[in-house]
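Engineer: Residues per chain are reported as follows:
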Amino acid sequence: MKYITTIGDKEYTVEVIDERHVSINGRVMTVDFAPVSNQPVYSLLIDGKSHEAYIYPGEENWEVLLRGRLYPAQVEDEREKRLKTAAGGGVAESGEFHLRAPMPGLVVAVPVKEGQPIKKGDVLLILESMKMQNELKSPKDGTVQRIRVKPGETVEQKATLLSLV
Amino acid sequence: MKYITTIGDKEYTVEVIDERHVSINGRVMTVDFAPVSNQPVYSLLIDGKSHEAYIYPGEENWEVLLRGRLYPAQVEDEREKRLKTAAGGGVAESGEFHLRAPMPGLVVAVPVKEGQPIKKGDVLLILESMKMQNELKSPKDGTVQRIRVKPGETVEQKATLLSLV
Amino acid sequence: MAAVTKVLVANRGEIAVRIIRACRELGIETIAVFSEADRQALHVRYADEAYLLGPAPSRESYLRADKIIDIARKTGADAVHPGYGFLAEREDFAEVCAGAGIKFIGPKPSSIAAMGDKMTARETVRKAGVPVVPGTEDVGNLSNEDLLSIAPKIGFPLLIKATAGGGGKGMREVRSIEEMPHLLDSARREAESAFGDGNVYLEKLVEGARHIEIQIIADEHGNVAHLNERECSIQRRHQKLIEESPSPIMDSELRARMGAVAVKAAQSVDYQNAGTIEFLVDKDRNFYFLEMNTRLQVEHPVTEMVTGIDLVKEQIRIARGRALSFKQEDVQINGHAIECRVNAEDPYNGYMPSTGKIMHTLLPTGPGIRVDSGVYTGFEITPHYDPMIAKLIVWGETRAAAILRMRRALEEYRIVGVRTNIPFHQSMMDSHRFMGGQFDTRFVEERFTMQEDETTQTSNAEIAAIMATLVAHQSTARSAQFIQRNERDTSNWKWVGRWERMHR
Amino acid sequence: MAAVTKVLVANRGEIAVRIIRACRELGIETIAVFSEADRQALHVRYADEAYLLGPAPSRESYLRADKIIDIARKTGADAVHPGYGFLAEREDFAEVCAGAGIKFIGPKPSSIAAMGDKMTARETVRKAGVPVVPGTEDVGNLSNEDLLSIAPKIGFPLLIKATAGGGGKGMREVRSIEEMPHLLDSARREAESAFGDGNVYLEKLVEGARHIEIQIIADEHGNVAHLNERECSIQRRHQKLIEESPSPIMDSELRARMGAVAVKAAQSVDYQNAGTIEFLVDKDRNFYFLEMNTRLQVEHPVTEMVTGIDLVKEQIRIARGRALSFKQEDVQINGHAIECRVNAEDPYNGYMPSTGKIMHTLLPTGPGIRVDSGVYTGFEITPHYDPMIAKLIVWGETRAAAILRMRRALEEYRIVGVRTNIPFHQSMMDSHRFMGGQFDTRFVEERFTMQEDETTQTSNAEIAAIMATLVAHQSTARSAQFIQRNERDTSNWKWVGRWERMHR
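Residue numbers (the numbering used here), protein chains in the order written: chain B, 1 to 165; chain S, 1001 to 1165; chain P, 2001 to 2504; chain D, 3001 to 3504.
There could be a bad hint or two in this list.
As the list claims (entries may be wrong) - Straight-line Cα separation of at most 20 Å, SDA-like style, residue types lysine to any residue; simulated pairs: (1) B:Lys131 x P:Gln2328; (2) B:Lys10 x P:Leu2183; (3) P:Lys2204 x P:Asn2223; (4) S:Lys1131 x D:Gly3356; (5) B:Lys137 x P:His2182; (6) D:Lys3313 x P:Ile2463.
Don't read these hints as lab results, they were simulated from the structure.
The model shown is predicted, which means the values in this text are computed figures rather than measured ones.
Using the sequences and the hints, build the whole thing.
Structural biologist: Below, the structure is given as structure tokens:
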């Protein structure tokens, strides 16, 4: 089975030949690949070299943490990929942005008002977690559309705090 | 709920009054009891004192390993217990004994023959495991009835090796 | 001689465990206190006794001095060890302990007070002839107006610092008068929530400075000694991340001078027990008093590793009224020690705190490794407390040997369930500037990146690509299997159906 | 100067990990070899490269010298470290390495041969003036007949020992001529399976003796030094369980004398690299040469903890052809170290080996603790290899401090999935005779019980009774709940049924 795997700006053609063999960009290698302790930790012996990494499923990619370095990898079935490219790929970006809580915590302050215009990098909200005050900044220019929380509220991870248009 | 719990030659009357209270031989105590990491390891706070133990289910008792000491504990519902005692209790001991493999290993030698009379403590079989030769001795006098394995065979834990009558 | 036979540990996490271990090894009974979030915490499991304080938030649990004193009284504790943070630098708490006839394992309330108010401290040591960083002179609660007017005289860049401060909480850096009001507000807000005191002061920002601190230890008989320095310049947002002893820039001459000044500073407040004098050292090796921490430091193990002195046991010895177990001239430096603070925060996601249950751990072990941890597999990391979950300390014959050992330890360390900053430490151990000892307190924020050099980059990326592909492949393969199984099942049913028809 | 840049570690478990760590810390590449049972083993995970040897049984994997040399050649390894056991004391293996131009990290084949055959060794050192235990003099393969005729001359009790021996394998104690034939058979059988050599010899049993060994280290330039003694008298079935340094019965005078004799013994075979001379020391402090182990010992860490010398790194230094990094007079004894061998065997079930998957672990950590482990949560303990899964080593300023620290470490240690002998070690640390240092090699088997004193017995039994009851109660409560839930379900269905009828 052939895959196109993308890390950063590099594309790798990886073929899983059988249980014991893969090829990357045409070079065939012997592999022995196994999860450790039923954890998202994997041990790979490739042509004898021993490697170990954490591999977490990301939103639509795989996060490989190898020797302290993070490699976000997009793995696509070669066919799939070709079709996508043919279709011109890429979904239209919605103008809306929902600020979500990166971790559970206490809303300390919301220094913006609904309807207020925002520049990229402006502080939208201050969230306290583990005794640290974390300033959540805007990733884009826009206007504050809806604020869903107020200071003093505790919020769960991933809770939507406010929206921008 | 009341229980009679027996450790060695000592009997304890333990009543589980509610989530937070037990009494032992009449003395009421405050308890906070919780398993640790979903393991057979339990943390007990009793009147503030902190204790931790491994608690494994045994054949028909509980094995409590507390501060390096093993306490095999028989826990019986008080009613049950009373009935049993009334019935005169105790099942008749069958004269038969099945020697089972205490761990997986390799049968090195079977120094006995079927029909051979055996004294308590005689070596019935030699099992090699973890590079150690373990002599399995007879717990009773008797006669070798049936030998189920031969030297060179590898056996699983708890496999019946031979029987005595 | 005060009897210390039963110690209440007024703290949580790794430091509570550290103290309980020392007590156990001295045959002293221990009492733990815990919040509702910490019933399963190691300090509760390891202590002889453990009592609930209240709900998870510190203000309702670990900061409840009243409840803690109560428990100490009821359980007949004859001493309290505050650890660091929480009540460690509250003179009122030390007072109450004394009042209750319970030995506070730390300095006298008056010393805590003198050093606790950072402005008072500056003045006290300045009068004792200790060099300080230029900043707000006059002591007292200064309004934003006052501070805004003083600021230009001190000159920018400058630092806003919490008077009750410590650990960089409520600290803000100011580059211009314009941004100062907003920063004053956020600084006061953070200080308020961290110390229940929003008062702040100003200090000139010494650029290109290193943070070097001297460990002080003093008994009740007037003996004061220093246990050399700790290099703590590797910081982020004024939070120390890596500490080592000795400092790569130190020589015996400077060490002697700074040690002497530190001893003088301690004596200026008649200090007893363990404490730390923090200095800034500028490019020209001038040093300025920053503040004194009147307690055990997070990073105390690096000092223990090179001096062979157990600081917690020495603290208890002092609390018992005995003299120091050594003299200044006995203090050696044997080899080199480095500590990495393992925080539950993701260096690849803006160092955001990471919470959750620890599903798996594999600790680095073997020669020259020490781990001071407060967590274990199955323990839940909550957002209520400090993100530091463990300290990894290594010893080596030389600094180079220690770095090599730290590298292998970090590579061995596995924690699943929360993201940690171990990758940050790995990158730091590979950084040429760190290896060369060339860094200051701004290094992490201004000149450090987690990027590796191109060559390893590419080869590792290839491995990562292969691993990601294999995992993706397996997961699709698995789902495929299920489908097949289901198909087989249905066909079996078909078969059964046919069989039934045949036998009608 | 021999280059050592890539080391093949011809071993498994904790010692393979120990060696890989040392190499990594020296910037040396490592090659692991493994059996089918060990694909997931730590040494495979930690090495730079790893190659499969064959099926689980040692004879088909870790004893396959041919395959190992092959792999070393193919991978361009310039050195092999044999660890202990397996091929460590096979002079033929050392020969083949030399032949292949691969440095064997250990002594010369001739030294291994001379010391490997225990009878030859006895003769060699005896001629060098080293006192030996009386026993079979004439070298050569002796038949049972010969041995049975010699036995009475030596006198009973005596020991049957494997000529290829080590680790008590193939060792039997004989009290009378009658039981000797059966014991000879079982000894030869065990020796055969352990070393592939059933040859045995006899030695007088020195009663009330302690097992004390001297660590030797020698370079290729004629420098031979000893690193003091290790006390290894706590044994069961001739397997060491606890080792410590220094020995509680040792004084500097005896240490100097035994050290000098040990050096002489090593020199008698022109010894190089690390080795150990085992002695028996009787009640009157007379000492007799027992054997020399021409390799690293399991218990080497206690020596490292008190001397500060890393033995594995020193071994590599010597293999590189360099001189010892120290002189005899530099060797210090700093404090006291104790090692407990953690075996997967159940002390409450006749020390039967225990196998299975490790479901959970919590390691003791903190100051003065070192764990050398080969296992981790999720790893499967198979019956194929030695039951030792970890070594717990502690350091203390004094022996008493070390014992107290070991107690707290043992109490912290949690392993779920296999039974271990940790309870044995806990009882030993509480034993007055152990604390008093009053024991010999028979102590465990003849005078040690795991019973505690009455008072703690009863109080702990009460706690155990409560805990057992609570667990039993909860399990019954749980099943009860299920029943209730089912009842509720059915009643719900009833309700649905009624609802349907109502709406027909």
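Engineer: Take the hints in turn and mark each one as holding or not.
Structural biologist: Evaluation of the provided hints:
{"no.": "1", "hint": "B:Lys131 x P:Gln2328", "in the structure": "38 Å, violated"}
{"no.": "2", "hint": "B:Lys10 x P:Leu2183", "in the structure": "42 Å, violated"}
{"no.": "3", "hint": "P:Lys2204 x P:Asn2223", "in the structure": "34 Å, violated"}
{"no.": "4", "hint": "S:Lys1131 x D:Gly3356", "in the structure": "16 Å, holds"}
{"no.": "5", "hint": "B:Lys137 x P:His2182", "in the structure": "15 Å, holds"}
{"no.": "6", "hint": "D:Lys3313 x P:Ile2463", "in the structure": "31 Å, violated"}
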